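So you can see what is in the structure, the chains are spelled out below.
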Amino acid sequence: MSDPPIQLWFESSAVDGGSEHRVILEDAPPVLGAARQSVFWRAPEVAKLDLPPTVDSYVCGLALIAAKADRDLVVHAPMSRIGLFNLSQLLAIRHALAPYKFRRNCRVQPQRIVDACRPAKDNRAVAAMSGGLDSTFTVIRHALKLGGPASHNLSALVMVHGFDAAVERPEDFALMRQRAAPITCRAGLPLYTVVTDIKKLDNAAWPESAIPLTANALAMFSADHGFGVVSAGAPYNVLRMGLSHPPVFDSMASNGHFTVITDGGAFGRADKIEALKPFPELLDRLKVCWEGSDPARNCGRCKKCVLTRLNLLTAGVDNCRCFEQPLDLSMIHQLRWRSTYEARDFFTLCWNEMERRGRTGPEAAALRKILSRVPPARPEIALWTRRQLRRLGKAMRF
Amino acid sequence: MAMPLDRTGHLEIARAGEGGWDARLILPDRRRHGFELNWDDGHSAPDLADGLVAAVLPRAMRHRLTALQVHGRMTRGAVWRLTEFARVWNSWLPNTWAATEILPDEIGDNSGSNPAAPALVAWSGGLASAHTLVRLIDGLAPGAPVVAGVIRLTGLRARDDRGIEQARRAVQSMGLAFHVVSTNALTNGWVDGGIGRLPIVAAALHAFCDRYSCGFHARSTPFQAHRLYPRPGPALPDLFSSSHFAVRADGGFVSMPRQLSDVWRCPFLVDEAWQVMAARPHADRLLMLLANRAAGLRPRTTGPAQPGPWCALRLPMRDPAVAAESEAIFLNWRTKRRWTWVCLAARLSLHRFAVMARDHARWLLAMARLGKVYPR
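In the order they appear, the protein sequences are chains A and B.
Just so we're aligned, residue 1 is where the first sequence starts under this note's numbering, counting upward by one.
Just so we're aligned, residue 1001 is where the second sequence starts under this note's numbering, counting upward by one.
Incorrect hints may have been included.
Stated by the list, open to error - In silico lysine-lysine, BS3-like type, Cα no more than 27 Å apart, as pairs:
hint	chain 1	residue 1	chain 2	residue 2
1	A	Lys304	A	Lys200
2	A	Lys304	A	Lys369
3	A	Lys272	B	Lys1372
4	A	Lys303	A	Lys199
5	A	Lys101	A	Lys199
6	A	Lys304	A	Lys272
7	A	Lys272	A	Lys369
8	B	Lys1336	A	Lys304
9	A	Lys303	A	Lys277
10	A	Lys199	A	Lys48
11	A	Lys303	B	Lys1336
12	B	Lys1372	A	Lys369
Said to hold, decoys possible - Pulled a few chain B residues facing chain A out of the computed Cβ check, cut under 10 Å:
hint	residue
13	Gln1069
14	Gly1072
15	Ala1086
16	Asn1090
17	Ser1091
18	Gly1143
19	Ala1177
20	Phe1178
21	Pro1232
22	Gly1252
23	Arg1314
24	Pro1316
25	Arg1318
The hints are simulated quantities; they were obtained by calculation from the structure and are not laboratory data.
Predicted model, so just to flag it, every value in this text is computed and none were measured.
In this text, a Cβ means the ideal position worked out from N, Cα and C, and glycines have one as well.
Pulled out of the complex, with its shape left as it was, chain A reads as follows (with noise of 0.2 Å):
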């Protein structure tokens, strides 16, 4: 007998002069807990936020971390028909890329699909805030119209509690927040906190299912703002179709009523710093790192930390006040690669912007060292061996 499909239903209620939207979900597989469970999003500054008249964007992260858990999923709510079409594709192609991870093409059958749209006139947008290099770039070049007419009409900002610091440390959270005040100051934008316990859900199916919840974040604001603007992670040439979140992705997490753009995916990080380097007091606040104890400080040594100072480095900004310490050489010999997918991350985000702005000088010089010396695809030979002796043994049989 085949599994049966999760469902889902939706509720709306007002909580301590917030708004809270409740998932429910039945049936659930137990990887991901009890059979029946709720996730909530809530919006505790913003009152009266009703659900859209389509719960697409509610859908399209649930329905990744459904792919992962190897189940279908019924919505007991409407969707409209170019979001269905929209979470196809994106189920098809993670299927395809990574069948050992999504390992279903999900089947997501909605209780009915309506025709969904919003008037063009209609383009306020509502960003996404990490306090980060992409998002603080993003905010400032379309808050202040540095982009022309092709600025987006942003007017409110979103940081979610629930991702980067988990839901039940709020004191993290709101240390991470309060280092952000000075970009959404700049930005003349009000700043909204939702928070979830997505994460609880076999950790959310977590990167790839990065960009559709942050949808799913902004979609809570819906009801006033047609756009919601993501930030590139990495640029459009860097080799991450399979393991994070490419702006083809993002844009499927769009439907008939909410739009998500991928900003910022044309510029490498260099060129983000050099964009932001006429408003040093945002630099000085930028929140980069994942692996420190403190949320709201850079620990200044890990691999994001060491990427960013290089990147400050490459775009002539020395010893920004975002990290308590200056670079150290030290800091660029630690730096060790478990394969060669995430030293090519670090070549094409830092090594190439180095490389074309011929920047020399002994920190340069470190990290073309260490670069050379990691080895192509080592896991890969054994994979690749044992590949081979697989094909020649099914050959011999046939």
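With the hints as your guide, set chain B onto chain A.
Just chain B, lined up with the frame of chain A:
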């Protein structure tokens, strides 16, 4: 940093009347380049220039224009999407394409598209676009909009104008409208060698924006190919869409044997795909023949002859799309594994070995400071 020279070009829409568009790109040195799109049903050209700008932009980027002044009206959505498009390709090869800024005379926040209006599909005759058509009309794609029309673009490939009347009859028998759009883009050099034909296809789809809500085209590259050899094209969202009309890509995740199996129920589409493949490069023909064998489908009476088992050894794997498609065919082999399968396995293994050997050579050269840092 030196400021770039101001090189503003102008896009003039010389004719936007019944049945066609005629665009002129005027370069800063007053040279003019033009191309035409003509459609057979004679409807009026839309008053929005979004589609034409999409077609013109690659050439403007190649001529390193800093800005393109569009003498016409565009939607806001098209302005920011096409600006992003230019920036992407500029970031990929800065010395080849400029990040051209788009400056329309008028930006119109006109009404959005009507979601209840039907969709249009661009069908080149090839297997990928035939599969997109079948996927959309046969309900294989959940939530797909209702498709009511098909366009066939001629003048974009050699000999792509043959068999039009036969195609028209077949498509109309499926209950769909058939539109033929002809262009001189290929002969006038408007098909960019790096970016490809898609901008012209997008312009042709936009020409029907008043009657349809969106236009579909097939993705030309499988996603797996991008994972092996990244290029901006497959990673781009639908940047040829506007606020008024969506140009949407479909596919890129279904292997060729599966595509053939899905399309098999429409014999006309299969025959057409065979004919089109026969006129395309050798690698495409080989892939189609291998896919046919992998899917266990009986050979077509039309088109090229069935391959011998050694054909797989001749696959040009330097093309990442060919490498990715071959891998997908191999993994989706459904029939009894005979010599063709063994040859394909051998070719893929050889290719993998060559890639690994090259990577190791590069690494050693970089270690010895004789080459650039690996990995690139």
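Now for the hints, and whether the structure bears them out:
| no. | hint | in the structure |
| --- | --- | --- |
| 1 | A:Lys304 <-> A:Lys200 | holds (25 Å) |
| 2 | A:Lys304 <-> A:Lys369 | holds (19 Å) |
| 3 | A:Lys272 <-> B:Lys1372 | holds (25 Å) |
| 4 | A:Lys303 <-> A:Lys199 | holds (24 Å) |
| 5 | A:Lys101 <-> A:Lys199 | holds (17 Å) |
| 6 | A:Lys304 <-> A:Lys272 | holds (16 Å) |
| 7 | A:Lys272 <-> A:Lys369 | holds (26 Å) |
| 8 | B:Lys1336 <-> A:Lys304 | violated (50 Å) |
| 9 | A:Lys303 <-> A:Lys277 | holds (23 Å) |
| 10 | A:Lys199 <-> A:Lys48 | holds (25 Å) |
| 11 | A:Lys303 <-> B:Lys1336 | violated (49 Å) |
| 12 | B:Lys1372 <-> A:Lys369 | holds (11 Å) |
| 13 | Gln1069 | violated (12 Å) |
| 14 | Gly1072 | violated (14 Å) |
| 15 | Ala1086 | holds (8 Å) |
| 16 | Asn1090 | holds (7 Å) |
| 17 | Ser1091 | holds (5 Å) |
| 18 | Gly1143 | holds (3 Å) |
| 19 | Ala1177 | violated (20 Å) |
| 20 | Phe1178 | violated (23 Å) |
| 21 | Pro1232 | holds (5 Å) |
| 22 | Gly1252 | holds (7 Å) |
| 23 | Arg1314 | violated (19 Å) |
| 24 | Pro1316 | violated (21 Å) |
| 25 | Arg1318 | violated (18 Å) |
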